[in-house]
Structures are given as C-alpha cells and as structure tokens.
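Q: Listed below are the residues making up each chain.
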Amino acid sequence: MGYHADVIIIGGGIIGNSTAYYLAQKGCSVIVLEKSDDIGNGGSSRNGGGVRQSGRDKRELPLAMYGVKHLWPTLSEELGMDVEYYQQGNLRLGKTEAHIKTLAGLTERAVSLGLDVKMIDQAEAKAINPYLSAEVLAASWCPTDGHANPMLATLAYYRKARELGVRFITGEEVAEIKKIKGKARQVVTTEDVYEGDTIILAAGYDSRDIAATVGIDVPMTGALLEVLVTEAQPPMFYQMLGTAAADFYGHQSSHGSFVFGGTSGLEAVNKDNGTPVTNSITASCICRGIMNYFPCLGEAKIVRTWAGWIDVCVDHVPVISPIEEVPGLILACAFSGHGFGIAPTVGTLLAQMAVGEAPVLDVSDFRYDRFKAKL
Amino acid sequence: MGKIKDRLTSMGEFVPQPDDDMIICRCEEISKGEIRQAIHDGMFTLTEIRRFLRAGMGLCQGQTCTRLVKGMIARELGISPLEVESTAARAPMRPIKMIVLGNEGKES
Ligand SMILES: Cc1cc2nc3c(=O)[nH]c(=O)nc-3n(C[C@H](O)[C@H](O)[C@H](O)COP(=O)(O)OP(=O)(O)OC[C@H]3O[C@@H](n4cnc5c(N)ncnc54)[C@H](O)[C@@H]3O)c2cc1C
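Residue numbers (this note's numbering), protein chains in the order written: chain R, 4 to 378; chain L, 11 to 118.
Here are the simulated DSBU-like cross-link-like pairs (lysine-lysine), alpha carbons at most 30 Å apart as the crow flies:
#  : chain 1 : residue 1 : chain 2 : residue 2
1  : R       : 274       : L       : 107
2  : R       : 121       : R       : 72
3  : R       : 98        : L       : 107
4  : R       : 182       : L       : 15
5  : L       : 13        : R       : 38
6  : L       : 15        : R       : 38
7  : L       : 15        : R       : 29
8  : L       : 15        : R       : 186
9  : R       : 38        : L       : 80
10 : L       : 42        : R       : 304
11 : R       : 129       : L       : 107
12 : L       : 13        : R       : 181
13 : L       : 80        : R       : 304
Not everything, but these chain R residues come out facing chain L in the computed CB check (under 8 Å):
#  : residue
14 : 40
15 : 48
16 : 161
17 : 162
18 : 170
19 : 171
20 : 175
21 : 281
22 : 286
23 : 287
24 : 290
25 : 293
26 : 294
27 : 306
28 : 308
29 : 309
Hint data in this document are derived by calculation from the structure and do not stem from the laboratory. All of these numbers come straight from a predicted model, not from anything done at the bench. Just so it is clear, CB atoms sit at the ideal spot from N, CA and C, and this is done for glycine as well.
Work out the full structure: start from the sequences and follow the hints.
A: Here is the structure:
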C-alpha cells in the first residue's frame with residue numbers, strides 16, 4: 004500500500020471528506036485516516052442539517068454566505084447524488100417580549116453585516132408556516148437559509164473523492180504527528196506510519212490531543228447535543244426552524260420525517276463513559292419544546308434518537324489555520340456546533356491552502372494563535 | 011479474511027444480477043440492486059448503508075433486513091459476515107408519540 008501522499012487528512016468527517024474531494028479535483032494524491040470503522044461517524048452524520056447564515060458570528064458569516072451562494076445550490080449535481088438541500092428560509096421563533104428583543108438584536112446585527120434577514124409579525128410568520136401555534140408572537144426570517152441531509156452530504160463527498168482516487172483508511176486511529184527536519188511530515192497511527200507533504204488535522208474535538216503531539220493547543224471543550232427523528236409525516240413545510248429560547252431546532256426531511264435537535268441543559272454534568280449516549284430525559288424535554296410551537300406534531304411518533312459531540316471553541320468560531328511553528332500542518336477544528344453548513348466552503352479553503360493558492364476568502368480571523376487573556 | 015480498512019480495496023466491476031429488483035428493506039422499499047450498488051460506491055458497513063440508503067431506518071428499525079444486508083456486504087467484499095459490525099441500537103425501542111414521550115409517564 005502506498006503510505007505516502009501529497010496530503011494526509013486526519014478525520015473522515017464532512018470537513019475531511021470535502022477537503023479530500025476539492026484536493027483530488029486539483030490533482031493531488033490524498034490519504035484520509037479515520038479512527039472509526041464508519042466514515043463520517045462523528046458530528047457530521049449526527050447533526051441537525053442546518054445550512055444557516057442567520058445567527059452566525061460576523062467572522063464566520065462570510066464563509067456561510069459564500070457556501071449558500073456558490074456551493075450548496077449545485078452540490079447535488081456536482082457530487083452526482085441528491086444531498087437534499089432545501090433553500091426555503093429560516094424562521095427563528097419568539098413567544099415572549101424578551102424573545103422578540105433577542106431576535107431583533109440578532110436581526111439588526113445580521114443586517115448590518117449585509118445579510119437579508121428581517122423581523123416578521125405573527126401573521127407574516129403564519130403565512131410562511133401555517134402550522135405554528137398561536138403562542139408564537141414574532142420571528143426573524145432569513146429567506147436564503149436552509150438545510151441539507153448531513154448523512155448524505157458527508158457520504159456524497161466521500162463517495163466522489165473515493166471515485167477520484169482518494170484513499171480512505173477506516174479503523175485507523177492517529178496517535179501522533181511527527182516533524183522531520185522541522186516540518187510536519189509523518190502521521191503515526193496505532194498500526195502504521197503515513198507520510199505527507201502537507202497534513203490537515205480535522206478530527207473534531209480529538210484534534211486537541213493530536214495537535215498536542217507537536218506542542219500546539221486549541222482552547223476548546225467537547226459538548227453533547229441530542230437529536231430525535233419522527234416517523235414520516237405528509238409534506239408540511241421545508242423551512243429550517245430555530246427559536247429565541249433555543250429550546251429546539253430542526254426541519255422536515257425529503258423522506259417526510261422531522262429531524263429535531265436540542266438539549267436538556269444537564270449535558271455538562273451527565274455521565275457518558277466517553278461515548279455520545281442519549282440521556283433518558285433529553286428527548287422528552289425536546290418534545291415539550293417542539294409541541295409548544297407545533298402542537299399539531301403531538302401525535303407524530305419518535306422512531307429514533309441519538310447524540311453527538313461538538314467541538315466548542317472558547318470564542319465560538321473555528322480554527323482554520325496553518326501552524327507557523329509546524330510548517331506543513333494545517334488545523335481545521337473547533338467548529339463549535341456549526342461546521343456542517345460551512346463545510347463546502349471550508350473544504351474549498353483548506354484545499355487552496357494546502358496547495359499554496361491564495362484562499363478565496365480571508366481566513367485571518369480563524370488563526371490558531373488569536374486567543375489572548377482577558378486583561 | 012479480515013475487516014477491510016482500505017476503501018480503495020477492489021471488489022471488481024458491478025455486475026447486475028437478475029434479482030436486483032428484489033425488495034430487501036420493506037419499510038423503506040430498498041432493493042437488492044440499490045444495496046449492492048451502494049457497496050460498490052464505497053459503503054462498506056451496515057451503518058454507512060443505513061445512512062446512505064435508509065435501509066433499516068424505517069418503522070421496524072432494521073429488524074427484518076439487517077441480517078440480509080450484512081450477508082450482502084460480506085459477499086460483495088469477500089469477507090465473513092462475522093467481520094461486519096452491527097449497528098448501534100437507538101432509543102426508543104418502539105415508536106412513541108411526542109405527546110406521550112414529552113409527558114415522561116406522568117398522568118395526563
Ligand atoms: C447534534 C448536533 C447538531 C448539529 N447541528 C448542526 C447544524 O444544524 N448546522 C451546522 O452547520 N452544524 C451542526 N453541527 C455541527 C457539525 O455537525 C460539525 O461542526 C461538523 O460535522 C464538523 O465536521 P468535522 O468533520 O470537523 O467533525 P466530525 O464529523 O466530528 O469528524 C471528525 C472525525 O475525526 C475522527 N477522528 C477523531 N480522532 C481521530 C484520530 N485520532 N484519528 C483519526 N480520526 C480521528 C472522528 O472519528 C470523526 O469521524 C451539529 C453537531 C451535532 C453533534
């Protein structure tokens with residue numbers, strides 16, 4: 004087996020897979036090393052599918068807007084399979100005066116950054132989504148937001164990259180990155196050693212331990228989120244949903260099932276034995292949240308629930324950055340629970356960085372050494 | 011015969027079979043041919059096939075087709091079915107209405 008490639012990518016999530024695809028398109032040889040037996044078994048297959056610009060930090064917003072404008076609309080065609088992308092807007096719902104204030108603040112900020120988003124009243128919200136309960140008083144509305152199927156998008160990048168000759172190795176846990184003559188060169192797994200001219204570290208929260216082997220740290224924590232899925236319902240609506248209270252978010256999929264995410268609020272202290280397990284009280288809590296806004300879904304049956312980890316950066320914005328002290332190493336982690344929607348953009352940028360092209364967007368806000376003490 | 015880690019491992023050309031139209035996952039109506047094609051597209055595990063095709067993700071949650079799909083993966087890849095990992099079981103055990111789950115067993 005060829006253990007050398009132009010680029011070695013650590014992590015077969017949607018960030019690693021999309022980067023592999025864009026690199027293969029540029030003619031690079033690529034090896035992707037994935038710890039799990041399954042491709043995309045991390046957050047990438049477990050997320051809520053939101054492809055949103057509204058609510059994003061001003062540093063991250065250009066990445067989200069670039070993807071929505073240039074990449075998502077043609078992604079299914081490009082990758083040769085339907086990734087179920089819907090661009091039917093995002094409704095962020097409010098039930099109280101305090102919620103409305105929160106939403107208005109978010110909206111004002113987004114508008115000042117050039118995003119098409121506005122506040123709408125109860126009647127306007129009802130006109131967009133007739134299933135809303137009378138408790139919903141107002142909403143913010145971003146018509147260009149949407150959602151896609153995370154499992155299909157993650158596997159579509161994998162499938163196409165593999166077709167282009169990218170070598171994916173699963174069940175291959177990276178333990179260490181090694182420098183040779185001052186440059187990142189070797190990727191040591193529990194079974195083998197791989198060599199690359201460039202190494203891209205995109206292993207989610209686990210990137211922290213791997214980066215530590217070359218003396219680099221990213222200030223992030225792991226957090227758990229849960230998702231539940233209903234049996235198929237007749238087609239009702241295809242907007243992405245969120246709330247000012249953050250009590251749930253989600254959408255209806257092509258298949259008809261609703262996919263909703265949320266938390267119980269106790270995640271930070273629950274026991275988990277190091278695996279992303281669902282907690283018995285969380286799905287119930289999410290259901291109560293949903294039914295406050297959509298009482299008509301009360302009879303819908305939940306068929307499945309799951310949990311996933313997110314890699315939360317201390318400033319809630321990712322690290323997408325070459326490492327000066329370790330030439331040849333590029334870090335892509337700390338996506339803070341919103342790395343799915345921007346994955347096509349991030350893959351494009353990482354591929355450009357890896358081959359030495361100027362990235363199409365400015366990435367200086369995502370540097371690894373931006374973190375400073377508060378005083 | 012061991013677990014396959016290298017996803018470029020060759021399994022030869024995809025050759026259509028006369029019974030490719032046969033439905034394997036009845037809940038989601040996925041045929042044998044679709045599953046075989048998915049394996050050739052690089053979906054080497056039960057979990058990946060579920061996520062890619064929805065086979066085993068319907069109302070019965072794979073109680074009927076999982077064993078069949080396992081056998082198909084093993085056959086296409088030339089490995090033993092014992093090398094094909096099972097999928098994670100997900101709560102709830104039976105579909106349950108939101109209004110019931112949200113009530114957490116309290117009297118309504
Ligand atoms: C429940 C939930 C809901 C979410 N909702 C949204 C949403 O609506 N919109 C949105 O934009 N984002 C959302 N996200 C966030 C999004 O899923 C992630 O930001 C995104 O998937 C990150 O992709 P990734 O490739 O960096 O990470 P991952 O998918 O976690 O991939 C990292 C990979 O690295 C592998 N790995 C780890 N350690 C090693 C090692 N030592 N060696 C080799 N491989 C290793 C892992 O197995 C994993 O496959 C959500 C996340 C969760 C969990």
